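When you get a sec, could you build the whole thing from the sequences and use the hints?
Number of protein chains: 2
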Amino acid sequence: MKAYIITIGDEILLGQTLNTNAAYIGNSLSELNIPVQKISVVGDNESAILDEFNLAWNSTDLVFVTGGLGPTHDDVTRKCVVNFFETELVENEKVLDDIKSLFEKRNRSLTEINIDQARVPRVAEVIRNQFGTAPGLWVERDKKAFIVMPGVPYEMKGMMESTVHKKLQEFKGEEKVFVERKILITTGIPESILYERLGDLDELLQGAMLAFLPNQFGVKLRLTVEETDKESAKNKLSETEQKLRTKIGRYIYGTHDQSLEEVIGKLLSERELKIAVAESCTGGLIGSMLTNISGSSNYFERGVICYSNASKVEILKVNEDVIAEHGAVSQEVAMQMAEGVKSTSGADIGLATTGIMGPTGATSEKPVGLVFIGYCDDKVCTARKFTYGNDRILNKERTAQAALDFVRRQLLGISTND
Amino acid sequence: MKAYIITIGDEILLGQTLNTNAAYIGNSLSELNIPVQKISVVGDNESAILDEFNLAWNSTDLVFVTGGLGPTHDDVTRKCVVNFFETELVENEKVLDDIKSLFEKRNRSLTEINIDQARVPRVAEVIRNQFGTAPGLWVERDKKAFIVMPGVPYEMKGMMESTVHKKLQEFKGEEKVFVERKILITTGIPESILYERLGDLDELLQGAMLAFLPNQFGVKLRLTVEETDKESAKNKLSETEQKLRTKIGRYIYGTHDQSLEEVIGKLLSERELKIAVAESCTGGLIGSMLTNISGSSNYFERGVICYSNASKVEILKVNEDVIAEHGAVSQEVAMQMAEGVKSTSGADIGLATTGIMGPTGATSEKPVGLVFIGYCDDKVCTARKFTYGNDRILNKERTAQAALDFVRRQLLGISTND
Numbered sequence: 017m018k019a020y021i022i023t024i025g026d027e028i029l030l031g032q033t034l035n036t037n038a039a040y041i042g043n044s045l046s047e048l049n050i051p052v053q054k055i056s057v058v059g060d061n062e063s064a065i066l067d068e069f070n071l072a073w074n075s076t077d078l079v080f081v082t083g084g085l086g087p088t089h090d091d092v093t094r095k096c097v098v099n100f101f102e103t104e105l106v107e108n109e110k111v112l113d114d115i116k117s118l119f120e121k122r123n124r125s126l127t128e129i130n131i132d133q134a135r136v137p138r139v140a141e142v143i144r145n146q147f148g149t150a151p152g153l154w155v156e157r158d159k160k161a162f163i164v165m166p167g168v169p170y171e172m173k174g175m176m177e178s179t180v181h182k183k184l185q186e187f188k189g190e191e192k193v194f195v196e197r198k199i200l201i202t203t204g205i206p207e208s209i210l211y212e213r214l215g216d217l218d219e220l221l222q223g224a225m226l227a228f229l230p231n232q233f234g235v236k237l238r239l240t241v242e243e244t245d246k247e248s249a250k251n252k253l254s255e256t257e258q259k260l261r262t263k264i265g266r267y268i269y270g271t272h273d274q275s276l277e278e279v280i281g282k283l284l285s286e287r288e289l290k291i292a293v294a295e296s297c298t299g300g301l302i303g304s305m306l307t308n309i310s311g312s313s314n315y316f317e318r319g320v321i322c323y324s325n326a327s328k329v330e331i332l333k334v335n336e337d338v339i340a341e342h343g344a345v346s347q348e349v350a351m352q353m354a355e356g357v358k359s360t361s362g363a364d365i366g367l368a369t370t371g372i373m374g375p376t377g378a379t380s381e382k383p384v385g386l387v388f389i390g391y392c393d394d395k396v397c398t399a400r401k402f403t404y405g406n407d408r409i410l411n412k413e414r415t416a417q418a419a420l421d422f423v424r425r426q427l428l429g430i431s432t433n434d
Numbered sequence: 017m018k019a020y021i022i023t024i025g026d027e028i029l030l031g032q033t034l035n036t037n038a039a040y041i042g043n044s045l046s047e048l049n050i051p052v053q054k055i056s057v058v059g060d061n062e063s064a065i066l067d068e069f070n071l072a073w074n075s076t077d078l079v080f081v082t083g084g085l086g087p088t089h090d091d092v093t094r095k096c097v098v099n100f101f102e103t104e105l106v107e108n109e110k111v112l113d114d115i116k117s118l119f120e121k122r123n124r125s126l127t128e129i130n131i132d133q134a135r136v137p138r139v140a141e142v143i144r145n146q147f148g149t150a151p152g153l154w155v156e157r158d159k160k161a162f163i164v165m166p167g168v169p170y171e172m173k174g175m176m177e178s179t180v181h182k183k184l185q186e187f188k189g190e191e192k193v194f195v196e197r198k199i200l201i202t203t204g205i206p207e208s209i210l211y212e213r214l215g216d217l218d219e220l221l222q223g224a225m226l227a228f229l230p231n232q233f234g235v236k237l238r239l240t241v242e243e244t245d246k247e248s249a250k251n252k253l254s255e256t257e258q259k260l261r262t263k264i265g266r267y268i269y270g271t272h273d274q275s276l277e278e279v280i281g282k283l284l285s286e287r288e289l290k291i292a293v294a295e296s297c298t299g300g301l302i303g304s305m306l307t308n309i310s311g312s313s314n315y316f317e318r319g320v321i322c323y324s325n326a327s328k329v330e331i332l333k334v335n336e337d338v339i340a341e342h343g344a345v346s347q348e349v350a351m352q353m354a355e356g357v358k359s360t361s362g363a364d365i366g367l368a369t370t371g372i373m374g375p376t377g378a379t380s381e382k383p384v385g386l387v388f389i390g391y392c393d394d395k396v397c398t399a400r401k402f403t404y405g406n407d408r409i410l411n412k413e414r415t416a417q418a419a420l421d422f423v424r425r426q427l428l429g430i431s432t433n434d
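Taken in sequence, the protein lines are chains Z and B.
Here my numbering runs 16 ahead of the position in the first sequence, where the first position is 1.
Here my numbering runs 16 ahead of the position in the second sequence, where the first position is 1.
If you're looking for bench data, these hints aren't it; they were derived computationally from the structure.
Quick caveat: nothing in here was measured; it's all calculated off a predicted structure.
It is possible that part of the hints are untrue.
The list treats identical chains as one, so a pair stands whether inside a single copy or across any two.
[Claimed, not checked] No farther apart than 27 Å at their CA atoms in a straight line, the calculated lysine-lysine pairs in the BS3-like style are these:
1) K116 with K382
2) K401 with K116
3) K95 with K18
4) K236 with K173
Structural data, given as structure tokens:
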């Protein structure tokens with residue numbers, strides 16, 4: 017079984033939008049062990065879309081289409097599906113109810129064009145949309161499947177997670193080769209050093225496959241094993257994972273899609289600890305990451321974003337003389353900020369960041385990318401220096417990630433020196 | 017003249033790498049007014065690549081290929097070019113010199129596989145590579161051009177900028193149609209209602225083209241006009257833009273790639289105003305967005321992330337009785353938070369958020385998605401209610417965007433009621 021992904025939209029041909037939808041679907045299919053033969057992008061143009069439908073349907077078993085399902089004039093995908101499968105539109109009660117309740121919830125009145133979105137091709141099974149008005153479509157014919165989803169990324173992802181992934185597993189039927197995969201997520205170590213620490217890969221892996229997937233937050237390691245029965249695959253995977261953990265375990269904070277803030281949330285909840293954050297250079301990003309997790313109000317006491325020196329002194333009780341002597345971006349100030357936010361909030365842990373994110377703000381002694389992270393609990397009060405690059409957004413993201421990893425390591429008793 | 021972009025690489029099919037190369041080329045071609053008919057991605061597989069070469073060469077005048085030119089076993093693009101044009105490899109002196117000097121510069125000794133990279137298809141003109149060893153290829157035949165470049169993004173970009181862009185202008189000849197484009201970015205209005213407000217599109221556009229590009233923050237409108245001379249195209253674009261602005265101007269916060277935080281940063285800077293933010297449900301996201309902009313320390317005074325009621329009372333001086341009577345998620349508390357952060361910080365503007373982001377935390381009277389945004393300056397102190405969906409992260413993003421738009425509208429004297 018092979019898949020073909022078609023993305024529809026002029027904005028992608030024009031290079032105005034990156035094709036993240038195809039990447040997301042490609043990645044989901046690789047988890048299901050379904051190879052993608054081709055990805056293509058065509059414009060909002062009926063004849064180009066129909067040509068592409070033909071090409072895809074004739075060469076593969078699974079066709080994914082995203083985009084062009086919106087309510088406006090330039091959305092022609094639904095019409096193309098009707099033509100391609102020689103069918104007609106019929107109103108779908110369930111979809112109409114979904115659309116109505118979405119509008120009710122948002123306190124908006126329904127428009128004609130939204131009601132029209134409840135009309136779907138007769139041959140299609142509807143994929144419900146939790147986040148928008150356009151329904152997805154699933155058409156099966158000749159043991160092949162044709163799946164159409166909206167181009168809005170979170171609507172498409174919602175459908176993949178709630179419905180499509182499960183239906184694909186059924187559609188695919190029983191496995192002949194059993195593939196087991198595990199993703200181990202590391203942070204705080206560059207790809208090349210991670211690679212070096214693992215040593216001889218052939219000896220380590222013994223036939224298992226390992227892929228390195230780096231991003232700004234760290235390196236994900238994708239471990240894949242293929243065996244002829246499920247039991248052996250599971251055993252082999254777990255053995256290999258243990259070998260990896262022996263070598264680089266301290267850098268692995270989680271598995272699969274776990275975020276560091278999720279892992280820390282669990283640790284804090286289990287230990288009934290509360291954290292408070294004082295952010296200068298990260299500007300609220302750490303607070304935002306921690307509060308992305310539902311239930312974070314149980315352990316996130318408060319945050320303070322102290323961009324000005326005045327606010328550091330006033331709210332966090334940082335000593336003015338210390339700022340004057342060492343500068344706001346210094347180990348001393350990072351520690352005092354962490355201590356200040358802990359004591360003023362009454363939380364168990366205080367975490368603080370101060371740094372120069374760039375592109376401006378550097379001095380002869382303090383370059384862009386210089387960061388100090390402070391940490392304080394009932395036993396220890398410490399700070400560590402980090403050096404990053406010139407990109408402001410990347411620097412913020414890396415600092416926030418390093419600060420959260422600092423907390424993880426302190427809570428687990430792992431050294432924070434390396 | 018139409019173009020076809022082929023990207024080669026398993027990592028893109030697997031969704032591990034975003035196809036930024038195709039976006040870059042698409043964007044360059046749109047500047048040259050050359051429409052892209054299709055983008056495709058195929059794996060590192062000779063027969064798939066050759067099939068795609070045929071498809072592209074038979075349907076368009078300009079074929080761009082990136083990827084698979086490296087020195088290792090899985091790079092097969094050059095071999096496919098040789099087969100496709102029925103030619104042979106010949107050593108190119110200039111390329112060999114380039115490779116030698118690159119290695120000298122890096123203090124590395126030349127390997128066999130690098131020397132082999134100096135062998136290029138006889139029919140091809142070489143595109144020199146300033147940043148790597150693989151040369152680019154330009155083949156012209158039957159008034160068509162076939163352009164091959166490496167997959168490493170900065171090597172490809174280097175070739176586009178130094179050589180390909182210029183050669184394309186020559187190849188294309190004189191302009192017959194002049195295209196002008198503008199993107200207007202709206203927020204605070206759903207796609208379908210925006211569409212409705214614009215009324216009869218044919219009458220409004222008079223032949224100009226309008227595309228709707230929605231995401232979680234709002235809807236981008238891409239306006240395109242084509243005329244036979246540059247002057248008319250510019251005039252037509254500006255006329256149509258004005259007509260759009262008359263109908264929906266209040267929702268348009270910027271153009272092209274501008275973010276709302278950038279627009280607000282400019283407004284605050286120009287007026288020499290300082291803002292302070294009190295975030296409950298957005299948890300630091302507004303602070304993080306504002307501080308993504310370099311120079312934000314000039315207008316962002318401080319932020320307070322008050323998750324707990326205690327911190328609202330203690331830091332923001334919110335009245336305890338008001339929380340008891342109306343609840344923390346209420347119009348009254350949002351206003352008091354905005355007022356509190358303004359007065360305690362001494363900033364000119366106080367902005368506040370409080371809401372239920374979900375999935376938990378709802379009560380019988382207050383559902384998930386209920387949000388109040390408070391705003392306070394020297395003249396006005398107000399708050400507005402919003403209702404969003406069930407997704408925590410989306411709710412945070414939408415609330416932050418709405419809060420920033422609240423500030424924009426207040427600063428510009430636009431009503432905040434709709």
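Hint by hint, here is what the structure shows:
1. For the homomeric pair K116 and K382, the shortest alpha-carbon distance between copies (20 Å) is at most 27 Å, but the shortest distance inside one copy (57 Å) is not.
2. Proximity of K401 and K116 under a CA criterion of 27 Å is satisfied inter-copy only: 21 Å between copies versus 54 Å inside one chain copy.
3. Within a single copy, K95 and K18 get their C-alpha atoms as close as 25 Å, and across copies as close as 25 Å, so both meet the 27 Å cut-off.
4. In this assembly of identical chains, the alpha carbons of K236 and K173 lie at most 27 Å apart whether taken from the same copy (21 Å) or from different copies (21 Å).
Every hint, counting from the list given before, is met by this structure.
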